[in-house]
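Protein chains: 2
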Amino acid sequence: MSIYVVGHKSPDTDSICSAIGMAYYEKAMGFDAVPARAGEINKETKYALDYFKVDVPELISDAKEVILVDHNEPAQAFDGIENAKILALIDHHRLGGLCTPDPIYINVRPVGCTATIVADMCWRHEVEIPAEIAGLLLSAILSDTVLFKSPTCTEKDKKAAETLAAIAGVELKEYGMALLKAGAGIDGMTPAQVADTDLKKFEFGSTKAIVSQISVMDPEEVLAIKADLLEAMKANAAAKEVSLALLMVTDILNESTHLLVAGEPADLVEKAFEKKVEDNCVFLPGVMSRKKQIVPQMTNAAK
Amino acid sequence: MSIYVVGHKSPDTDSICSAIGMAYYEKAMGFDAVPARAGEINKETKYALDYFKVDVPELISDAKEVILVDHNEPAQAFDGIENAKILALIDHHRLGGLCTPDPIYINVRPVGCTATIVADMCWRHEVEIPAEIAGLLLSAILSDTVLFKSPTCTEKDKKAAETLAAIAGVELKEYGMALLKAGAGIDGMTPAQVADTDLKKFEFGSTKAIVSQISVMDPEEVLAIKADLLEAMKANAAAKEVSLALLMVTDILNESTHLLVAGEPADLVEKAFEKKVEDNCVFLPGVMSRKKQIVPQMTNAAK
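Chains A and B, in that order, give the protein sequences.
This note's numbering applies: residue 3 is where the first sequence begins, and numbers increase by one.
This note's numbering applies: residue 3 is where the second sequence begins, and numbers increase by one.
Note that identical chains are pooled: a pair holds if it fits in a single copy or bridges any two copies.
Result set (SDA-like, lysine to any residue): computed pairs, CA atoms no more than 25 Å apart in a straight line: (1) K158 <-> G32; (2) K273 <-> D104; (3) K294 <-> D220; (4) K294 <-> E67; (5) K87 <-> G98; (6) K161 <-> E128; (7) K87 <-> K158; (8) K161 <-> M123; (9) K203 <-> P76; (10) K305 <-> E67; (11) K66 <-> P112; (12) K293 <-> P103; (13) K55 <-> V36; (14) K293 <-> N109; (15) K151 <-> Y177; (16) K273 <-> N85; (17) K87 <-> A303; (18) K293 <-> T102; (19) K210 <-> P76; (20) K203 <-> C101; (21) K161 <-> I106; (22) K29 <-> N109.
Bear in mind the hints are in silico, worked out from the structure with no lab data behind them.
Please construct the entire structure, taking both the sequences and the accompanying hints into account.
Structural data, given as structure tokens:
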């Protein structure tokens, strides 16, 4: 049976493209590795896969051996992870309590995107990256760093993206804007689908929470359906057995976030950002990164 | 304030020497890093430090920023870790539930010794390793792999050790035997000191346990004071608030372990190794590695 390389549930472009890149790397190193996904792909990822003519990875089920990319918290992994042996972990998130029975290979870096680490592994081991894989890794970096504007973006991400753009044969800024535009906007999406976007589960102290994020060019379009979104967030919270649901409506042009808040304790959010939650919403100028600008603040507020 | 590089409590040669090596690396990369220790050094480590004329690292206290080497389980870290910011983690053990508020640099490899990873980092980044640091990293590898005889030993450990021996200017086998001999034997040690050797805390399912290991050339010398050791193990279990205490008396010449068992549940040990515990002892031929041949078996038995 193959080794499945898989990202987190509610996959974003990095989780899909780094899985494809990492499976390619493992194959080059002589292993029978296959990329997989832990949920439906989003519009942005579809744009990247279509552009570079790469198939959507298969939905994971019943894997015996896995390599995890772009996540390490057990709550964010595919259902069935408890029956699989984790062989390796390539990630750029905080460490979230994973236990393994044996020592495994772990490569975690505080960079803006998992794909930056995957590209670095290829270059270090002289694995040539073909144009379509380079294009996907580039897409992941442009997506995760919001065209280098996110505070999570490092010089390593920029350098890797520039090299990958040259291999892929695309003009970085032009392709990046087209990619983000394809993912932005909520055209044709139900409120439930908006509330589900890039949903991740967290524990902030004793509070169980979900935090989703949708990146848009026009936040007003999303805020116009706020009442429906709050209902969908409450339904998600109930289904995931958490008390608090947050939805980041991130404005990629103006580099800010409207944070929608459903459930309890809302005062944890107020403590974290030192701002009143008004009409279930806090406006956070400059905030684009869940990892750097939401999770640590919520974690500290829960202490 | 400096960044402290520190290994686990009840430090072994790898925890001390990898801390010294990693602090050297970080200094070469431009950071104000200082090696530290989380407990008293053992006789083997003293031999290596004396041989290569390197000072004993200072005992850690009140550190603000740390780099962890050779461990990642919170229970094995120095007291006060909860007040420190972990900047990086270099290790070769199973992942044991650590949580960090932010993403950090993590380099964990399934190799025989942390020092192998530290040496590799130096070589990758073209940091020249001076003779005395090479000698200490070599000592760590020879110690952790028991002169390459442990099942945890990989080709990478052997290759690194050979290169390091050349830099340090010592004959590998001859120095290795002298090093192990300096650490083996319980001359001048109290039963409490023997039971404390390389003590680590674990959770096997719901069972809290401590597992110590002493490597000797003549196990009979240790088994002769078994009754006193069992008393000391029970006292340790009470002090550490665990129910089970194990002591590996590892015969480095004959590659086997007498596992002493104090406390409850003893049947977890019987299930793990499919052998009866007789007179508080199980003989395990071929067993030399706690990490590969004790911890996974106990973890699985507890499932």
